[in-house]
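Note that the UniProt record's numbering has the sequence shown beginning at 1, numbered continuously upward.
Calculated pairs, DMTMM-like style, for lysine to aspartate or glutamate (alpha carbon to alpha carbon, straight line, at most 25 Å):
id: 1; residue 1: 67; residue 2: 3
id: 2; residue 1: 119; residue 2: 130
id: 3; residue 1: 87; residue 2: 26
id: 4; residue 1: 119; residue 2: 26
id: 5; residue 1: 91; residue 2: 128
id: 6; residue 1: 87; residue 2: 118
id: 7; residue 1: 87; residue 2: 128
id: 8; residue 1: 91; residue 2: 130
Calculated directly from the structure, the hints in this document are not laboratory data. Computed from a predicted structure; not experimentally measured.
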Amino acid sequence: MIEFLRRIASHRLAWGLLAASALCFELCALFFQHVLGLHPCVMCIYERIAILGVFAAGLLGMVAPEKWYLRWSAMLLWGYSAFWGLKLALKHVDYQVNPSPFNVCEGFVDFPSWAPLDKWVPWLFFPDGDCSEISWQFLSFSMPQWLVAIFAAYLLVFAVVAIGNLVKGRCCN
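Can you build the whole structure from these sequences, using the hints too?
Structure representation (structure tokens):
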């Protein structure tokens, strides 16, 4: 099993699947925004960036997964993005479950001055929604609640693959 986990991270197909899954989630977000007319909030934009981090990790891992430094760079980006996304999604769920004038998200995104993504690509990164509003549900779960599950799954798979790449496998004949 350990050897399987080590080998899977060394194949382009696994990294391609990671990138494809993140791209699907990003396309879903754009569908919800531009077709269904749901307005993304500040937390939605930050969660979108975390998904793009997972996508970038998948692309980076596809470059040369047999090279350990690229594989581990991609794995670290994947793990960081999944952890950050899970943290954001949990906070977003808190905004929705416990709405209060004292528990609100910021009114604008806080991008660095050298990369004002909300100005450069407003159709992707401009927030104009309310974080505490539940405007969509599927199976009684809001979008941030689904994102908690998605980021937790990304983090769980990352942990399993990372452990598989850290532990030395033993061959039993």
